[in-house]
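**Q** If you're matching them up, the sequences are chains A and B in order.
When you read off a place in the first sequence, starting at 1, and then add 73, the result is the number in the working numbering.
When you read off a place in the second sequence, starting at 1, and then add 154, the result is the number in the working numbering.
Derived by calculation from the structure, the hints in this document are not laboratory data.
Bear in mind the structure is a predicted one, so any value in this text is a computation, not a measurement.
Check before you lean on any hint, since a few could be wrong.
[What the hints assert, rightly or not] Cβ-Cβ distance ranges computed for the label pairs, FRET-style:
1) B:Thr230 with A:Pro189: 43 to 49 Å
2) B:Glu174 with A:Lys142: 42 to 48 Å
3) B:Ser181 with A:Lys188: 38 to 44 Å
4) A:Glu137 with B:Gln238: 38 to 44 Å
5) B:Thr230 with A:Glu137: 34 to 40 Å
6) A:Pro189 with B:Pro209: 45 to 51 Å
7) B:Asp172 with A:Ala127: 45 to 51 Å
8) B:Gln238 with A:Ala127: 45 to 51 Å
[Claimed, not checked] Sample of chain B residues facing chain A (criterion: CB under 7 Å; computed from the structure):
9) Glu168
10) Gly170
11) Leu197
12) Gly258
[Stated by the list, open to error] Derived DSBU-like pairs (lysine-lysine); straight-line CA-CA distance at most 35 Å:
13) A:Lys122 with B:Lys211
14) B:Lys211 with A:Lys142
15) A:Lys131 with B:Lys211
16) A:Lys188 with B:Lys165
17) B:Lys169 with A:Lys122
18) B:Lys211 with A:Lys141
19) A:Lys131 with A:Lys188
All C-beta atoms, glycine included, are put in the ideal place defined by N, C-alpha and C.
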Amino acid sequence: AQSVTQLGSHVSVSEGALVLLRCNYSSSVPPYLFWYVQYPNQGLQLLLKYTTGATLVKGINGFEAEFKKSETSFHLTKPSAHMSDAAEYFCAVSEGIKAAGNKLTFGGGTRVLVKP
Amino acid sequence: GAGVSQSPSNKVTEKGKDVELRCDPISGHTALYWYRQSLGQGLEFLIYFQGNSAPDKSGLPSDRFSAERTGGSVSTLTIQRTQQEDSAVYLCASSPSDRVYNTGELFFGEGSRLTVL
Chain A
74 AQSVTQLGSH VSVSEGALVL LRCNYSSSVP PYLFWYVQYP NQGLQLLLKY
124 TTGATLVKGI NGFEAEFKKS ETSFHLTKPS AHMSDAAEYF CAVSEGIKAA
174 GNKLTFGGGT RVLVKP
Chain B
155 GAGVSQSPSN KVTEKGKDVE LRCDPISGHT ALYWYRQSLG QGLEFLIYFQ
205 GNSAPDKSGL PSDRFSAERT GGSVSTLTIQ RTQQEDSAVY LCASSPSDRV
255 YNTGELFFGE GSRLTVL
């Protein structure tokens with residue numbers, strides 16, 4: 074079975090400061106890893122994903138994440154926070170593309186507050 | 155439409171009533187998923203459809219919950235005899251199954267917020 078742990082349900086950062094959201098996963102097979110963002114009263118939007126290949130992946134809005142197999146981690150970072158980054162962020166894992174579907178297992182989410 | 159469409163966007167009901175939530179996936183997406191997002195919780199998987207069949211319904215919390223999909227397109231999630239603990243946002247997602255187009259990503263709708271009084 075897969076699982077995802079996001080450390081910290083709430084994170085507060087100052088505008089211009091580094092954003093670091095932590096995600097650790099467990100998977101019995103090479104994982105596909107995702108970060109989604111949810112703005113208030115909206116659905117989830119894909120920020121970035123890791124499937125195979127380069128372990129440092131870049132996404133939209135200046136976010137990036139690095140897959141570290143030895144640490145079973147996929148932490149999300151952004152060098153400089155912007156007010157528009159205030160949202161809830163979800164890390165997710167799947168067993169890759171399967172005939173049985175791409176069911177994602179999500180972490181509990183981290184709500185980011187950006188202070189001016 | 156271009157994205158996943160869900161209705162109603164908001165539903166307030168009384169305890170004990172039945173509710174139906176609808177999902178219209180992206181055209182051509184054969185896989186459809188229902189998730190539940192409760193206050194302060196992450197996303198909880200409910201059920202997955204491939205075409206009109208549901209190979210994985212392991213996440214349905216009780217027999218009060220059921221879902222169907224017709225014509226390989228629209229899906230309806232039905233909750234019978236609603237309870238207050240059913241209050242949540244119900245999210246629908248879809249994805250293509252064809253290996254050429256399938257990148258593993260799920261495409262989400264904006265959700266249906268259910269409040270049970």
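**Q** The structure should be examined with respect to each hint, and the outcome stated for every one.
**A** Hints and how they fare:
At about 44 Å, the CB distance of Thr230 (chain B) to Pro189 (chain A) agrees with the hint of 43 to 49 Å. Taking the beta carbon of each, Glu174 (chain B) and Lys142 (chain A) are about 44 Å apart, inside 42 to 48 Å as hinted. Against the hinted window of 38 to 44 Å, the Cβ-Cβ separation of Ser181 (chain B) and Lys188 (chain A) comes to about 42 Å, which satisfies the hint. The beta-carbon spacing between Glu137 (chain A) and Gln238 (chain B), approximately 41 Å, falls within the hinted interval of 38 to 44 Å.
Against the hinted window of 34 to 40 Å, the Cβ-Cβ separation of Thr230 (chain B) and Glu137 (chain A) comes to about 39 Å, which satisfies the hint. A hinted range of 45 to 51 Å for the beta carbons of Pro189 (chain A) and Pro209 (chain B) is consistent with their spacing of about 49 Å. Our hint of 45 to 51 Å for Asp172 (chain B) and Ala127 (chain A) holds, since their Cβ atoms are close to 49 Å apart. Look at Gln238 (chain B) against Ala127 (chain A): about 47 Å separates their beta carbons, and that is inside 45 to 51 Å.
For Glu168 (chain B), the shortest C-beta to C-beta distance to chain A is roughly 24 Å, which exceeds 7 Å, and the interface hint is violated. Among the interface hints, the one on Gly170 (chain B) is violated; its C-beta lies about 28 Å from the nearest C-beta in chain A, farther than the 7 Å criterion. Hint status for Leu197 (chain B) relative to chain A: holds, with the closest Cβ pair at about 4 Å, below 7 Å. Residue-level restraint check for Gly258 (chain B) holds (minimum Cβ-Cβ distance to chain A is 5 Å; threshold 7 Å).
Using a Cα cut-off of 35 Å, the hinted pair Lys122 (chain A) and Lys211 (chain B) holds, with the two alpha carbons roughly 26 Å apart. About 30 Å separates the Cα atoms of Lys211 (chain B) and Lys142 (chain A), which keeps this hinted pair within 35 Å; it holds. Restraint check for Lys131 (chain A) and Lys211 (chain B): the C-alpha separation of about 34 Å stays at or below 35 Å, so the hint holds. A hinted pair counts as satisfied when its Cα atoms are at most 35 Å apart, and Lys188 (chain A) with Lys165 (chain B) qualifies at roughly 33 Å.
Taken as a hint, the Lys169 (chain B) and Lys122 (chain A) pair is broken in the structure, with Cα atoms around 40 Å apart against an allowance of 35 Å. Of the supplied pair hints, the one linking Lys211 (chain B) and Lys141 (chain A) holds, its CA atoms being roughly 32 Å apart against a limit of 35 Å. Taking the CA atoms of Lys131 (chain A) and Lys188 (chain A), the gap is about 24 Å. The hint holds against a cut of 35 Å.
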